[in-house]
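**Q** Chains as they are written, first to last, in our numbering: chain U, 1 to 439; chain S, 440 to 706; chain P, 707 to 1127.
To be clear, the hints were calculated from the coordinates, so they are not data collected in a lab. Note that the structure is predicted; figures quoted are calculated from it, not measured. You may find that some hints are simply not true.
[What the hints assert, rightly or not] In silico EDC-like cross-links for lysine to aspartate or glutamate, where the CA-CA straight-line distance does not exceed 20 Å:
(1) S:469 - P:1088
(2) S:469 - P:1111
(3) S:469 - P:990
(4) S:683 - S:476
(5) S:683 - S:474
[To be verified] Where chain U lies over chain S, by a calculated footprint (3+ residues, C-beta under 8 Å):
(6) 499-511
(7) 526-536
(8) 546-559
Here a beta-carbon is modelled for each residue, glycine too, at the ideal position from N, C-alpha and C.
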Amino acid sequence: MNALAHLIAGHELPFWTITIGVVANIPTAMLGCYLVLRRMSLMGDAISHAVLPGIVLGFLWSHSLAGWGIFVGAVVMGLITAMLTQTINTYARVPEDSSMGVVFTSLFALGVFLITNLARNFDLDPGCVLYGLIEAAPLDTVSWLGVEVPRALGPMFAALVATCVFVAVFWKELKISSFDPALATAMGYRATAMHYALMAMVAVVTVASFEAVGSIIVIAMLVVPAATAHLLTDRFGRMMLLAVGVSIVSTVMGYWSAAALDTTVAGMMGVAAGVQLAAAVIFSPRYGLVGKAANSLALSMRIVGEDIVAMLYRAEELAGQSRRGLPEKLSLRHCVRAVGGGLTARLAVPYLWRRGAIALAGGELTLTDRGRRLAQSLVRSHRLWEAFLTEHFQLPLDHVHAPAERIEHFIGPQLQESLAEDLRAPSVDPHGRDIPPTT
Amino acid sequence: MNAAASPDVLLSGAQPVLDVHDVTVAYHRKPVLWDIDLTLAEPTLAGIVGPNGAGKSTFIKAVLGLVPLASGQVRVFGQELAAVRKRIGYVPQRESVDWDFPVTVLDVVLMGTYGKLGWFRRPGSAERRWAHECLDRVGLADLAARQIGQLSGGQQQRTFLARALAQEAELYLMDEPMAGVDAATEQVVFGLLEELRQAGKTVLVVHHDLRTVVKYYETVIMLNMRLVATGPTDEVFTHENLRKTYGGRLAILDAAGEAVAAQERSA
Amino acid sequence: MTGWLAYNTAIVLAGTMLLGASCGLVGCFAVLRRRALLGDALAHAALPGVGVAFLLANERSMPVLLLGALVSGLLGVVIVAVLRFATRTKDDAAIGAVLGVASALGFVLIRVIQDRTTTGSKAGLASYILGKTAGMIAQDVYLMAAVSAGCLAIVWFFYKEFKAIAFDPGFAKVQGWPVLALDFLLTGLIAVAVVVGLPAVGGLLITALLIIPAVSARFWTDSLGRMLMLSTLLGGAIGACGTALSAQFSFSPAGPVIVLVGTAAFTGSMLLAPRRGLIARGLDEARFRRRLARQKLLRMLYELDEAAGGGPRPFELADVGVTIARIDAMARDGLATPVGAGRYLLTASGREQGARAARASRLWHLFLSEHADLAPSYADLDAERIDTILPDEMIRELESRLLADGSWPVELPPPAMEACR
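So that you can see chain U by itself, here it is in the shape it has in the complex:
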C-alpha cells in the first residue's frame, strides 16, 4: 500500500495521467464498436461535436465542470442531434449526411460561440474543452479514502461504470438491433429506443472524456479502436475486448510519445490509435492488405500448381495409352505457358518442387510419387464432377470441362466420396476417360 502511494505520489511516474486516459477511453471504445458496426460512426462524430453547447450551458447552469450539469446538457444535445438529423432527413427530405452536417456544425458553432464569447467571463477555458487538458487534470485533486485522487476521475469513472452496465444489461438487445434492426423490431425489441439509448450513452462518454481528450479528438477514440478491432476478429465479444485493448495501448503510447516530443497528450493518443489502425489495415492476418494479398497469391499459386501436376498426370496417361509413345515429360517452358504464364505460374514451379510434387531434370518436369497422388486425386475430382453435371443437369459434353476445371481445386476427399456414392462409383467420365481411384 505504501509502495503504491509512493508510486502514485512520485512525479516521475505518470500514474494518474495514464489512469485518467484509460478510464476515459475504455467506455468510448466500447460504444464505438456499436457505432462502427451500425455504420453510424459519423453520428458519433456529430454528437461529439454537438455536445459542446450542452457542456457550456451545463457549465453556466452549475458553474462547474465536474458537476452533473454538463452531463445533462450533453445528453440533451446528443439526443437533439440524433433526432434533428432524423427529422430533417425524413420530413424536409435533406439527404442524411447533409442533414447531419447541418445539425452538428450548427450546434458546434453555437458551442464555440458560447465558449469564446459568454464563457470568457467565467472560469471556463475553451482550450480545455476543445483539446482536453489531461496534463493538468492530475493536479486538481480531491481526497478519497485518504488518497489524493484527481477530481476529473470521478465523472469519468461513473461513465465507465455506466457504460459497462449498459453494455452488460442490453448485450443481447444491442447485438440484435445492431445486426438486424428489422428482425429486432419484428420481435418487439424497440430498435429505435435502443438507437436513442445508444446515442445518449455516446453523449455521456463524450462528455466524460472531454477533459482527457477534448471534444474533437474523442471521435478518434470512438471510431479508431473499433475499426481496428473489426479488422482483427470475427467475434463480437472479442472485438470489444480488442477495441478496449487498442484504446489502452493508445493511451500509454500517446502519453509517452507526447512526453518525448513535448506536445499534446490528447493529440498523441489519437495519433497512436491511428498508427494501430494503419498497422491493422496493413498486417491483419485475414483482412489486412498484406494478408489478403498473400492469401490470394497463395491460392492462385496452389491452383496453378495443381493445374501443372494435373497436366503432367494427363500427359502420363496419354503416353501410357498411345502407341506413339508421347513424352511423359514436359518442358518447364511448355508447362508454364500452358497454365497461363505470368508470375504465379513461374512461382508455382518452385512451390511444387519444394513440396516434393515434381522433379526437375534438364529443363523438363516429371511427377514424383507424391505429385502423382496429388494429381490423381485432382483428376478424380474433375472427372467425377463432369459426370455429376452430365447426370443431374443434362449439360452437353462440351460444357462440363470448364466448371470442373475450376471446382476440382475445392473438392475435398469428403465431397469426392459423396459424389462417387451419388453416381454409384463410376469408372469412366462422360468423355469416356478413366476416373482414377482414390489415393
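Given the coordinates of chain U, assemble chains S and P onto it according to the supplied hints.
**A** Frame of chain U, contents of chains S and P only:
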C-alpha cells in the same frame, strides 16, 4: 371455403391467421400497396408473387409493422400485432444485413430465440442446444462456429432459415429465401417449408420464380400494388390473373404459361 | 483610425463573402453527390498539412500553408478510399477514423510548432483550427477572388458533365464520360474551396459553409442551374452577414457567427420555402389526407347506395365511423345534410362526388389489371388525378369498358361515346 369443413377451427372459434384490412402503404403520394384486403383463414403455405416493385417485400413489412400504414389495419391470430410478435417469424432479404458483422453462424441462429427470451434474459445452454438443432435441420451443423461472411449465398440463406426455425413461430414471413441459391439448396429449403406446413404453421414466402409456384405452394397471393387475386394455387394461378399481375411481359408470361400448362396436364 | 478599421472590415467582408460564394457553389455538388461529410474529412485532414508545410517552409506564408493543406486534405480522401475499397471498413468508419486521427495529428504538429517558434507565428497556425477572419489581408482576398473565379470557370465549363455525374453516375459512365476523372476534379474543387476557407473559418467549421448554402438553396428550386446560382449568392450573403454581425458586436472568432447565420438561413428556408418547405409541405399533406379521406367516404356511401339500388338513403354516423367534425365540414361544403339525430343524407352534389370517386377508383382498378406492367409507375393515391395522369384515349378506352360491363356509376352522364366504336 375450407374453414367450414374443419371442425377444429369451428370448435375453437379460431381467428384467421392473418387478416389484412384495407391496407395502404405509400411513399408520399405514390402508393406501394393500395387498398389491400386479404384474409388467410387457415394455416397454409403461400407464395407471394408479383413483378419487381409490386410491393411484395413491403407487404411483408406491413404485416410485421416495419413500415407505417397510410391506412388500414393488420391483425394476426385475431389480435393486434404487438400482442403476437413472439408468434411471428421473419426471414429478411439477405442483403438487409451486414455480412461482415462479427458474429458466428450459431450466434445468428441464437438470435432467433431472443424474441421468446424477452428483455434482459440471456440465451442459456437450452437455447444453444436448440439453436444447434435448428442448424442441423438446415444441414449447417458443421459450420456453427464460422463467421457469417465466410458462408456461400445459399448457406447464408439457410442460416436465416435456421434462425426462423429457432423462433418457433406459428406464422412465418420470408422475403425471397430462394434468392441466389442453387437448385439443391432450393430443394432443401422447400423441404423445410413443407415440414413447417405439416406442423400446422403458416408460411408466407415472397417468390420470384413463376415456374415453381405451382409445384411448391398450396396458396398463392398475386400482388401488383393491388391484390390481384388470392386463393388455392390451382384455382387462382391462371393465365388471366398472371396477365393482370404482370401485364405484357412476354418472357415472364411464357415461363408462367409453361407452368400453368404443366399444371393442367397433371390435373 | 476609423478609416483603417473600415478598410480592414471591408477586406474581411470581401474575403468571407467570396469564400461563402465559392463554398456555396462547389458545395452543391458535394451535397448532391452525397459527399457532404467527405468534405468534413477533407477539412480535418488538411490540418496536419498546415503543420508539415510550416515545418518544411519554416515560415508562415499563406500559399505554402494552403498547398500543404491541399495535399494532406486530398491524401486524407485517398486514405478514406483505400479503407473503403481495400478493407472491410465501411465508409462511415473510414471517414470518422481519418477525420479523428488527422485532427489529432494536426493538433500535435501545431503544438510542436507553437512551442518551438517565436510568439509571432503562434496565432497564425492556431487560426487554422477555429479560424480568424481578423487576420485577413488584401493578398488573401485576392487569392480568394482568384479561387472563386476559378471554381466558377470550371463549373461553367464542365456544367453538363458535373450535372450528369451528380444526377446519375452510372448513366454517365455508360455514356462514356470519364466519371472517375470528373469526380476527382470535383473533389479537387471542393478541396480548394475548403482549404482556402481554413484560415478564416477554421477546419472544424468550414464544412458548414459547404453544406448549408447548398441544402438551403435546394429548398427553393428543383433546377440545378438555379440551385447553383442561389447557393452561391446565399453563401456570399451568409459570409458577409456573419462577418458584419461579428464586427458589429465584437464577437470573435467570426467563424461560428458565420455558421450560425447560415443555420438561420437554413432554418428559414426549411420552414418557409414554398412547395419544398416544411410548412408548405405539412399544409399540403394535411389537405391531401383530408381530401383522400373524404373521397374514400363519399365513394363508400355512394357504393352502399348503389349496391342497395334506388335513391339516396340516410346513414348513421356510427355505422360509417365518421366523426361529427368531419361530417360538419362536409355539411358546410354542401355534400351532406342532417336528417335527424346522428343521421345524415348525401346531397345531390355529395352523390355526384361519390360517383366521381367511384369512377376514378374503378378506372384505376381496370387500368392496373389491364396494364399491369406500366401501371405501378403511374399510380397516385389521389384517385381522381387519373384524368390528368393518363392520356385521353386511354381514359376513353377504359371508360367504355366500364360501361360495357355495367360498372359505370349511373349517377354520372355516360362517357363520350365516339371512342366506343
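**Q** When you check the alpha-carbon spacing of residue 469 of chain S and residue 1111 of chain P, does it fall within 20 Å?
**A** violated (29 Å)
**Q** Straight-line Cα separation of residue 683 of chain S and residue 474 of chain S no greater than 20 Å?
**A** Distance ~16 Å between residue 683 of chain S and residue 474 of chain S Cα, so the pair holds.
**Q** Taking 20 Å as the top limit, are the C-alpha atoms of residue 469 of chain S and residue 1088 of chain P close enough?
**A** Holds: residue 469 of chain S and residue 1088 of chain P sit about 9 Å apart, inside 20 Å.
**Q** Can you take a look at whether the segment 499-511 of chain S is actually covered by chain U? Rule is 3+ residues, C-beta closer than 8 Å.
**A** holds (count 4)
**Q** Would you check the hint for residue 469 of chain S and residue 990 of chain P, treating anything up to 20 Å between C-alpha atoms as holding?
**A** It holds: about 15 Å lies between the C-alpha atoms, which stays within 20 Å.
**Q** For the pair we were handed, residue 683 of chain S and residue 476 of chain S, check the Cα-Cα distance against 20 Å.
**A** Measuring from Cα to Cα gives roughly 17 Å; hence the hint holds.
**Q** Mind taking a look at whether chain U covers the segment 526-536 of chain S? Criterion is 3 or more residues with CB to CB distance under 8 Å.
**A** The restraint on the segment 526-536 of chain S holds, since 5 of its residues have a Cβ under 8 Å from chain U and three suffice.
**Q** Do at least three Cβ atoms from the segment 546-559 of chain S come closer than 8 Å to Cβ atoms of chain U?
**A** Answer holds; 8 residues pass the 8 Å Cβ test.
Figure legend: structure checked against the earlier numbered hints; the only hint not met is number 2.
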